[in-house]
Structures are given as structure tokens and as C-alpha cells.
Amino acid sequence: MALSRIRNFSIIAHIDHGKSTLADRILQVTKTVADRDMRDQMLDSMDLERERGITIKAQAVRVLFRAADDRVYELNLIDTPGHVDFTYEVSRSLAACEGALLVVDAAQGLEAQTLANAYLAIENDLDIVPVVNKIDLPAADPDGVAAEVADLIGGSAEDVIRISAKTGQGVEAVLQSVVDNISPPRGDPQAPPRALIFDSSYDQYRGVLAFVRMVDGSFHKGDAVLAMAQGTRFDVEELGFFSPGMHPAKHLSAGEVGYIVTGLKDVSQLRVGDTLTVSKAGAVEPLPGYKDVKPMVFSGLFPTDSDQYPELRDALEKLKLNDAALSYEPEVSQALGFGFRCGFLGLLHMDIVRERLEREYDLDLLVTAPNVAYRVQDMKEDWHEVHNPAQMPAAGDVLSTEEPYIRASIIVPKEFVGPLMELNQERRGEFGHMEYLSEQRVQLIYDLPLAEIVLDYFDQLKSRSRGYASFDYDLIGFREGKLVKVDVLLAGEQIDSLSLITHRDNAYKQGKALVEALKERIPRQMFEVAIQAAIGSRVIARETVKARRKDVLAKCYGGDISRKRKLLEKQKKGKKRMKQVGNIEIPQEAFLAVLDINRDGPSGG
Amino acid sequence: MAVEHLYLHVPFCAHRCGYCDFVTVTGNEQLQERYVDALIAELRHHHVPAPETIFIGGGTPSLLPDRLLARLLAALPDCGELTVECNPETITPAKAQVLLEGCARRISLGAQSFQPHLLATLERLARPAAIRAAVDLLRDAGVESLNLDLIFGVPGQSGDDLRADLCDVLALAPDHISYYELEAKPGTRFSHAHGEELERQAEALEDHYDAVVATLRAAGYRWYETANFCRPGHEARHNMGYWEGRDYLGVGVGAVSTLGLERRRNRPGLVAYIESLEAGRLPPSQLELLTLDERGSERVMLGLRLDRPLTIAGLEPLLDVGELRRLESAGLLTISGDSLSLSERARFMANDVVSSILR
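Just so you know, the protein sequences line up as chains W and Z, in that order.
Letter by letter, the first sequence follows residues 27 to 631 of the numbering used here.
Letter by letter, the second sequence follows residues 15 to 373 of the numbering used here.
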């Protein structure tokens with residue numbers, strides 16, 4: 027297809043604002059999917075995605091649309107993930123497009139996430155087609171929301187298309203606007219091929235599938251291909267496009283979007299953002315924007331039933347095939363047994379991995395409180411990276427410590443600037459600058475320790491801005507921090523999985539909050555339980571759970587033996603869900619106490 | 015049927031107490047005669063020649079008119095211990111006579127409390143004076159072994175109330191005392207009315223239970239079962255049958271039997287029960303088949319309620335050796351040879367201990 031007849035675009039929308047419904051409707055309107063084959067959210071292939079209504083992995087689908095000029099256009103819809111953890115993946119998806127539909131719910135108005143991605147699209151020089159969806163809702167305010175959207179992207183409210191993806195009203199107009207207002211791809215069909223990988227997935231029969239946007243030249247079946255940043259080489263086993271099923275093609279040419287079957291056995295060999303070219307006489311200059319995404323948030327995953335350890339290992343191996351950003355290594359905890367220390371891009375990524383393990387692999391997991399990667403310099407001045415508080419050496423063996431920092435960009439209506447500055451101050455944030463983007467909207471720039479945002483920062487940001495703040499961040503490297511390890515002792519025994527690394531100034535407060543949270547979560551039992559928080563050998567906080575003195579069924583005669591036996595069996599089952607440390611049974615949720623310690627005081631940080 | 019322990023259920027009560035979850039019936043006097051005959055019919059059906067113990071429980075067996083109670087007692091086979099449950103307000107000189115003539119030499123009297131306000135909360139009909147009068151009457155008639163049932167943990171019961179009850183019960187010098195913690199079972203009228211109060215006093219109940227055990231032991235009673243105390247030689251032999259895991263036959267509406275691996279529960283409908291037996295059939299019942307492991311687990315659960323060691327020969331596969339060692343090293347139990355016994359503290363915590371040591 028000639029470049030002038032191709033349009034590549036994605037949809038930017040807040041969760042629940044109708045992105046998937048609109049994508050479904052586009053497939054229907056263009057007859058890409060017969061009505062009888064239609065099911066909700068066609069493009070989200072994982073069960074989990076369909077159920078949570080979010081999109082984790084970008085995918086692309088090609089539709090053919092006969093426009094008002096009676097010509098047929100090839101439209102490639104590239105789906106993007108919607109959350110800050112996947113900002114990098116979003117930016118690569120957007121880099122594969124020339125335009126984006128900005129979809130806003132007519133009843134809800136603009137939301138934080140949409141803003142961040144809309145700005146990302148504007149930064150990438152994308153043409154924006156503004157759309158107000160759900161105009162059929164009783165609470166809809168299409169004119170008000172259209173004005174808000176026009177204000178954001180510059181333009182007039184009349185140009186904002188009003189639709190109902192649910193009923194199909196206005197969907198054709200959206201496609202016509204894509205043809206009219208989004209630029210056709212630029213690129214040199216004659217140059218050596220260059221293709222941007224904007225996503226990949228793993229198929230157990232065909233190996234790694236790369237989703238690519240051809241920028242220059244073309245690829246053919248059998249081409250010997252090189253991934254320029256990573257140096258991975260493979261032959262093109264097959265290529266083609268999704269519509270929405272796989273359609274093999276003879277070639278993929280400049281401007282087009284499609285897939286390449288690589289035969290590679292591991293997605294980590296083919297990273298999102300890398301540039302593909304041919305091995306011989308290929309392009310010299312890769313496409314801009316490749317970044318090696320490293321996990322920055324770590325957490326221990328333990329099977330609640332230790333017999334499931336081999337299954338957990340197999341499941342992680344399989345997930346890793348499809349998720350290059352996931353890392354894991356074996357970990358042994360005296361309280362939780364054998365498990366894995368896993369690295370994630372962020373909290374949502376962690377949540378998704380955990381849910382997939384529990385749901386798709388039927389595992390029952392205990393996930394410890396997340397922490398970040400720290401750098402520790404020992405007395406010989408050698409640096410080590412610490413992914414687990416338990417690995418932190420004793421204070422006497424540490425020369426200095428560093429922690430990862432992020433640069434946060436927060437966009438918020440001006441009335442919330444005060445509360446958000448306060449929040450960032452509490453979280454050891456360093457103020458960068460503040461800028462009025464419009465009369466209403468302010469951008470705040472702060473440098474913050476990553477550790478301060480992994481627990482409940484998003485929740486706080488949302489609650490203190492009534493949901494209006496949009497948040498995005500970039501890692502900016504490690505900085506020195508006065509970090510200490512706080513250990514927890516239960517009945518005198520140190521519980522490795524409960525240790526945490528924190529800033530020295532917060533240690534006392536956090537230690538106290540932690541033992542209090544544990545006291546709430548450890549039930550009274552046969553023995554008294556002393557709960558202590560300590561830095562090295564110095565105890566900084568203490569609580570006691572008194573021993574229970576009575577646990578016996580009052581009356582037991584011939585008529586109620588079965589019932590009593592069943593009660594005991596139930597109690598037995600409850601015990602099995604506990605972890606035993608010495609003489610104490612610790613309910614598994616106690617290990618999540620760390621998650622709670624920031625919730626009460628505003629300066630938990 | 016050669017069975018050593020026979021239970022007969024008499025469901026009639028003058029009033030159904032709020033905390034009760036037994037099979038009971040009020041206001042059906044005209045059915046009492048038909049029921050007694052049905053009960054005797056069911057008993058004949060089973061041909062129990064000479065059990066070691068018989069227990070007539072309820073309901074309120076002593077609520078039966080004298081002639082019906084006499085008829086029932088006369089129909090019983092000879093046995094070594096015959097117990098009849100009675101409520102104080104039903105004991106008249108004539109009733110005491112009927113009981114003794116029927117060879118009921120062990121009487122279990124439902125006192126529950128001696129404090130008028132607690133009796134009112136429990137919806138008991140007897141007043142404290144009636145309890146004392148009943149004890150005197152039964153003693154005079156020649157009852158050889160007298161049990162008093164008491165309850166602690168009544169909503170609104172203070173430490174002083176408990177001490178007063180303990181004094182009152184000791185003053186009557188019964189041979190045997192059953193002291194139960196009030197169990198407000200889900201779904202009873204009582205849990206509904208008092209659930210919150212019961213939860214509030216949960217911690218005070220630990221003190222109450224301690225006080226009950228300490229006081230009765232100091233007065234010379236043996237704490238021979240979780241909730242039961244006796245003077246030497248006055249153990250409830252019938253109930254020992256349950257706690258030692260022996261077979262028993264239950265006769266009457268709602269009654270439960272355990273024979274080998276069969277546990278059978280007669281259905282609770284009174285009319286259906288009577289009509290079946292009047293038609294010459296066994297009453298409708300529900301059968302629960304037990305596994306050997308389940309019976310073994312029950313053996314452990316019940317046996318550890320007693321103050322004597324449990325013989326664990328044959329039960330080993332059901333026990334978690336690691337947990338036994340752990341609790342032994344914590345001083346909660348001792349194992350010597352093939353007998354397992356709980357420390358005093360562990361007896362207060364028997365559920366926790368048993369659910370730990372069973373696999």
C-alpha cells in the first residue's frame with residue numbers, strides 16, 4: 027500500500043473511558059470481524075486483561091476503511107498499555123504511530139492518566155483526534171468535556187467528535203477523521219530496512235513474535251535480521267499482520283505495522299525499543315529511543331504451600347518468556363521457606379505478575395512488601411547492589427549507601443499544589459520547579475527517592491488531589507542516602523522477611539509503626555509473643571501479644587462429636603495457613619504489615 | 015445388640031431456653047404418652063440386653079408425668095449406672111420416689127446458676143430456692159450420686175456473680191459438677207440477643223474458667239474432664255464412654271448413635287418419629303459414615319479432654335511427630351511410652367493443642 031493510504035494510530039484513554047469498546051466497534055464497522063464472532067474486548071488476549079479491563083501488552087490490528095473519497099485506506103490501530111509502570115512501552119507504541127485518538131468519557135471528563143499519555147503523544151509530535159465518548163449516558167456533558175479537551179490540545183470544541191462506542195454512533199466519523207487529520211507515515215521505502223519493535227510476545231510453538239513498525243525499506247520472509255542494540259540475530263520465519271487474527275504476508279514495507287515470527291526462544295533477546303535491520307548491508311543508524319528497562323522494585327514471592335515451589339519456578343520461567351522486564355532469583359527465608367526474589371518495573375507490574383501466577387498457574391502466593399534496589403559500599407570500598415533487606419550488611423560493615431531517585435512530573439489543578447508539595451516534602455522530595463501549563467493546570471517537578479513511592483505514594487497523590495493529579499516519572503540514577511536496616515524480632519527470633527531498609531531519620535517511627543501493625547495481625551495464641559524492632563542490637567520499639575489462656579470446647583457428648591470434629595478440622599486448616607516460627611504461628615498476612623506502616627501518619631515516609 | 019452405653023432422649027420442655035440447641039419440644043403434653051411408648055418400641059427394636067450405663071437426657075425427662083416416667087423406667091434393661099436429667103422445678107416428693115423406684119440412682123440436675131438475674135437471662139424457670147429444695151428432696155429419697163449442671167459466661171455475669179455461684183454450689187456438696195462455658199451457638203435466639211456482650215466479655219471468661227477450676231479443685235473435686243468435676247468414685251461412667259471413644263446407642267427423636275464406623279442420627283421431627291414406630295418401623299434417620307482416621311481423630315480429641323493419659327498405640331499415623339516434640343519441649347504435653355498427657359495449661363488450650371498435633 028502506498029504510504030499516502032496508510033494511517034497508524036493508537037487510542038489514548040483512561041481506564042473505563044471506552045478504549046476497548048471503541049476498538050471493538052472499529053473492528054465491527056470495518057467488517058474486520060463478523061458480528062457473530064464479536065466478543066467484548068477483542069484485542070486484549072489474556073483472560074486477566076479482559077477481566078480487569080486493562081491492557082497489558084500492546085497489540086496492533088489492521089483494518090481497511092473506505093473513506094469519503096471512495097478510496098480504501100489501511101488503518102493500523104496500535105493498542106497501548108495504560109499505566110505509569112509501562113510508560114516506556116507506551117512511549118514506544120506511540121513512537122510507532124503518527125496519530126492518536128484521545129478518548130474522554132463524556133460523564134467523567136479528563137483524568138490524570140489520560141493527561142500524562144496525551145502529553146506523551148504531543149511530545150512525540152503525534153496528530154491528535156479528540157473524541158468524547160459515552161454521549162448516550164444520562165450524566166453526559168459532551169459540550170463541557172469537549173471544551174476541556176479542546177483547551178488541552180489547542181483547537182476548537184466543535185472539532186471534538188462526539189460518539190457512543192457502545193451504540194456505534196459516530197464511529198465512522200472517527201475513522202474518517204483519522205484519514206483526514208492524521209499524517210500518513212514518512213519513511214524511505216528504498217533505504218535499508220529499519221523497524222521499531224514496540225512489543226513482543228512469546229508463543230510456545232513459534233517462539234518470540236515481534237510487533238514492529240516498518241520505518242524504512244521492507245522485510246521479506248527469510249531475511250537475516252539483526253536487532254541493533256542487543257545484537258540478536260535471527261531469520262524471518264514468517265511475517266504479516268493481525269486482522270485481528272494472524273495474516274501472513276509476503277513482505278512488510280515502510281509505513282506498515284505487523285508481526286515477525288523470529289523463532290527466538292526468549293523475549294529478553296528482543297527488547298522493546300530496539301531497531302531491526304538486515305544483517306548484510308543494513309542500516310547504520312538505529313531509530314532513536316532505545317532504553318534498557320531494568321527492574322527497580324523487588325519483592326519476595328513464596329508459595330503458601332511449600333510443595334508448590336517447583337510449580338512456582340516453572341510458572342516464573344514461563345512468564346519470563348513473555349515478559350522481558352521480569353527478573354527472579356531463588357530466595358530462602360527461615361519464616362517463609364523457599365521462594366523467589368522477583369524484580370518488577372513497578373507496583374502494577376508486580377500485581378499483574380502475582381495475579382497471573384495465582385490465576386493462570388493456580389498458585390497460592392505470599393508476596394512480601396516491595397523494596398527498591400540499593401547500592402551499598404563495603405569497608406573495602408567495593409559497591410554491591412542489594413535487592414533484599416536481608417542482604418543488607420550490618421551497619422558497622424557499611425561505608426556508604428545509595429538509593430535510586432526518580433524525577434517526578436506531577437500535573438495538577440492549581441488548588442491542589444499545596445497538598446502535593448506537602449506530600450513530596452514528607453517523602454524526602456527535592457523541589458525542582460513549578461510551571462503553569464494553563465491558567466488551571468500546574469506542573470510540579472520533584473526529585474524523589476524511588477523507595478518513597480513504591481508503597482502508597484499513588485494512593486496519597488490521588489487522595490490529596492481528589493484524583494486529579496497525573497503522575498509520571500523517570501529514573502535519574504542513584505544518590506547517597508543515610509540508610510539503615512530495621513529488623514523485626516518475634517519472640518527473640520529475627521524474621522528476615524520482615525526487615526526493611528529505611529532512611530535513618532524515619533527508622534524509629536517506622537519501627538514503631540511496624541511492631542504496632544504486627545500486633546494487630548498476630549492473634550493471641552498459646553505463647554506470649556514479644557514483637558521488637560531493632561537496628562543492629564539496639565531495640566527501638568516493642569509490643570507484646572499476650573498468651574491466650576483458654577481455647578477449649580465447653581461441652582462434648584455423644585450428640586455433638588461430629589460437629590466438634592469439624593470445628594477442629596477447620597481450626598487445623600487455619601493453622602496450615604500460618605507460618606511457624608519457633609513456637610509462634612504467624613498468619614501470612616502479618617508479613618504484609620510493612621505495607622500498612624505508611625498509611626496512618628502522613629510522614630510515614 | 016451388645017452395646018455398653020445407651021442414651022434415651024426425651025425432648026419435652028416447659029420452656030425452650032434461649033441458648034439451647036438440643037432437640038426440644040414445648041406444649042405437646044398430649045404427645046408425651048405416645049412418645050414414651052414409641053421410645054420403648056424403638057428400644058425393644060434394638061434388643062439391648064444389659065448395658066453398662068443408661069442416660070436419659072433431654073429436653074427435660076423429669077417433666078414427664080409420674081406414670082409415664084415410671085413406665086419408661088420400668089421398660090429399661092438392668093444396668094450399672096442409670097442417670098436421669100432433671101430440672102429443679104419438676105422435682106416433687108412423688109417424682110423423687112418414681113425415680114428411685116425406677117433405679118435411677120444418679121440424677122443430673124440443671125441448676126445453671128444461683129443468681130436470680132442470671133437465671134432470668136438464661137430464661138430458666140427455677141429460682142435459687144427451688145434448686146436447693148430439689149437437692150434436699152433427691153437426697154432424702156436416696157439418690158446415690160448427684161450432679162449439678164452450672165454455666166459460666168452468662169451475659170452480664172461479674173466475677174462476684176461467679177464466686178457467689180461457686181459458694182452456693184459447694185454449699186450443696188454435690189457428688190459431681192458439670193461447669194460449662196455458655197456456648198451461644200450461631201442461630202440461637204440467645205446469640206442474637208447477647209452476641210455483642212458475649213464477645214466483649216471474652217477475655218473475662220479466661221479468668222472465670224481459671225476460677226472455676228481452681229475453686230472446685232481446692233474443695234476436693236477432681237477436674238477429670240474439661241468441663242466436669244467429681245468426688246472420688248463419682249465419675250459419670252456413661253459420659254466416660256463418649257470420652258473414651260466407645261460405641262453408644264442413642265434412642266429417641268434426634269438421638270445419635272455411634273457404632274463402629276456408622277454414626278446415625280434420628281431425624282428431629284417428633285410426629286414422624288412417633289408415627290414410624292407406631293407403624294412398626296424404625297424412625298427416619300440420617301447416616302454418616304466415618305473413616306478410620308476420623309474415628310481416630312475423635313479418639314484424640316475426646317481422650318485429651320480427660321485428666322488421664324491417652325493411649326496412642328494405633329493412633330500414631332494420625333499424629334504429627336514434629337508438633338508433638340515442639341509442644342513437649344514447650345512443656346504443654348508429655349509422652350511416656352505410648353501414653354500422651356496434657357499439662358494443666360494445655361488442658362485449658364485443648365483445641366489449639368489437638369488441632370496442632372493431629373496431622
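Honestly, the hints are just simulated from the structure, not real lab data.
Be aware that a few hints might be false.
What the hints assert, rightly or not - Covered stretches of chain Z (chain W as the covering partner; in silico rule of three or more C-beta atoms under 8 angstroms from a C-beta of chain W):
(1) 80 to 91
(2) 119 to 132
As the list claims (entries may be wrong) - Calculated cross-link-like contacts (lysine-lysine; reagent style BS3-like; alpha-carbon spacing at most 30 angstroms):
(3) W:K344 with W:K602
(4) Z:K199 with W:K598
(5) Z:K199 with W:K317
(6) W:K317 with W:K291
(7) W:K592 with Z:K199
(8) W:K320 with W:K344
(9) Z:K199 with W:K596
Glycine included, C-beta positions come from ideal geometry on N, C-alpha and C.
What are the numbers of the hints the structure violates, in ascending order?
1, 2 and 5
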